[in-house]
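Residue numbers (our numbering), protein chains in the order written: chain A, 213 to 739; chain Z, -18 to 271.
A hint or two may mislead.
To be verified - To give an idea of the chain A side of the interface with chain Z (calculated C-beta under 8 Å), a few residues:
(1) A467
(2) Q469
(3) D585
(4) G642
What the hints contain is simulated information worked out from the structure, not anything from laboratory work.
These numbers come from a predicted model, not from an experiment.
Backbone N, C-alpha and C define an ideal beta-carbon position, used for all residues, glycine too.
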Amino acid sequence: MHRRPVLTALAAMSVAVVLAACGQDGHDGGQGGTSAPARDGTLTYALGDEPETFNPGLQDEHTDPVTELVFRGLTRRDADNKVVPALAESWQIAKDGRSYTFRLRKGLTWHDGKPVTSDDVAFTIETVKAAGADSPLARNFTAVTSVTAPDATTVRLELERPFAPMLDAMAMAVLPKHVLNGKKITDPDFGRQPVGAGPFRLTAYKPGQYAELRAFGGYYEGAPGLEKIIIKYVPDDSARLIQLANGEVDAANLAPQQAAKVRGKRLEVYPTADYRALMFNLTNPRFADKRVRQAMNHAVDRDAITESVVLGYGTPAKGPLDTTPYASAPGFAFNPARVTALMTEAGYARDGQGLWARNGSTLRFELSTFAEDSLRVAILNVAATQLRQQGFDVVPTPRPRDWVRRHWSDLEVFVVGWGTPYDPDTSVYGPFHSSEALAEGGSNFGSYDNPAADKALEDGRGTLDPDRRKAAYDAFQQALQDDPPFVWISYLKAINAVPDDLTGPRQRTLGHHGYGFFWNAETWRYR
Amino acid sequence: MPSGRVGAGMRPRGLLAVRMRPRRPGLTAALVVLGAMVALAAAAPLLTPYEPLATDTSATSLPPGSPGHPLGTDMLGRDLLSRMLHGARTSLAVGITAAAVTVGAGTLIGGLAAVAPRWLDGLIARTADVLLSLPLLVVVLALAAVAGPSTRVVIAGIAVTNWMPVAMVVRAELRSLRERLYVRAAYGLGLTRRQVLWRHLLPGAAPPVAAIAAFEVGHAILTESTLSFLGLGIPPNQPSWGNLLTEAQSHLLTGEWYTVAVPAAAVIVTIVAVNLVANAVGGRSEGRSW
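Looking at chain A on its own, in the form it has when it is part of the complex (with noise of 0.2 Å):
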């Protein structure tokens, strides 16, 4: 008996098999009758990750697909991720940058039928800002000394010092204070049924397999255009794509390989903020020196990299935000002669092996990144190869994720994936700011320290001209220009499949794993 799983093994080894061999031939025959999906208003939609909440208080500011369809904030991003007014018909900022007042549409609600009041927003702020390290974005909050709520639609907002982002942190969703009076902000039950003021409702959900949302009647644009969308978590790619072909699924979010396969559905490719990079262990003294970080990022043929590993969608990385309005990065061209002049003004020499070498020793490190993710393996395997042919002696190793979190600071160089499309201050501040070091507990994971970046960073942060702004993140990356604290790679681009007769969908930058693609689906239809 104890052998039936070895059994079950060797047959899924052979059911793959037969499967493979199908795939190619087989695909083609199977589209007949796949474009026929249930017309009754309905998007089912596939999607790999599934959130461990639908909390937005406890997620960043990417939020997933159903997050985003159940809430709203006081601002929102339009198709060019600038702030335009959602829960908020207007605003009005103080000259010196330390006070917002915010006035409410008139007659929101909640989808349970709860007015919607200032009292929520003063909730929420002060929820999230008191929720700490639970609150990914409780870093938001950290000047705001306090939260009034004069009449049931005007909120009161003031500041110790100016914060650039304030408006485009209040996209934040408002949580409803009427639910979560008096309990958690991790309060599970929450996270699974979360009430919000947004287009559509959460009216049922399966974990691990699907969330199911309604339109939401009383949304303040009115009423949305598809009576349901039905979010379904499928984590296998494969799987994905078999679901799509066969009519279980109208929509999908697809690997690059697999967009060439795709027949009878319109392909959406939208750029993201979301890079991939070699981060330093910059507490690492064999990275001290900048010419080898340099000399790093001139042995990368980044051109090579997004076609081979994402097969043309993506675009080779220059800096943190390349994909934004304020990109500027000059960016490293792949240049072996460069990478041999850096190399040998460091003080390095090729050994026997043509791998650089100082007092006798190699520069041998390990170059690792979470080994579930396989496209990130792919960038380590092939990132690999071309720092080998350069003269680095690189070790590609993929970590277990958990043996990673537990190992931050013992990593050597890794392959990292940041990026935000909203206001460049989330993008970047956390990652490359000295005081968010990862042993201060913050996102500085390779703990990077360069007083011109912080100076920048913080002029970024703390003027609303946006001149000035402009002025201090052209400044930002061309520090990181100058002592860079990653190999930059590429961006990714999101893909999804819809259907042909699907209209809305338009393409905006989009988030992390290509969040925010439901970004305006309230005004999503069928023709």
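Position chain Z relative to chain A; hints supplied.
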């Protein structure tokens, strides 16, 4: 087929007194396949100019039969032949080592049980029963999940979950042999317990143990593949047949079918060959089947 002659001339003595049964169809083929696998694995670096981890962005997703890449390349341009050969090294080494550890541990425990006082014998037998009643994969998965993926954990996991049949067989064989006339005669002739154990008891128990050992090799290779396929076996990035399958699973439908088919075929062919040999070695036709 003249294959029946294989091993006919072999008459080794003592612990190696394993008899090959002649006239077993397919046995030659199985031995040739296994011999070839081991030879290819051992000579891997000589047989291919490519590093198993070296990517080539100018030669990605080449189908089998492409110039320079007889088995093709994967999505990152890594040569599949090189990865298969280096994978065979890992998979076969793990299989053989794990089988050796399993059989060694099983023989030791079984031998101990055979000579031990009743309570210890009972304890060993009950422990084996409990382990036999648990789904083996669950035990190995738990071990791998706690200790993290590494080659050593895979080998330990296989040994921990597979020593029981070896121990039970050794114990039963020793107990029955002990009562045989020739063993009692040996004692009567003045041989010490140790001499009897080495000259008569252990060689007598060798054939069934050898059969189990052969099965264990195949079983260990399969367990390695399964664990690695689940991300809990050989550390990721080190080529093994199981790891190749893991990496290829996402390309099932996207054209690179051979990245799945080739390692899967290698696992299946090896297991079938090992089982043929094991059946032949075992002699009796009641050998375990999969």
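Original post:
For which of the previously enumerated hints does the structure constitute a violation, in increasing order of number?
Top reply: 3 and 4
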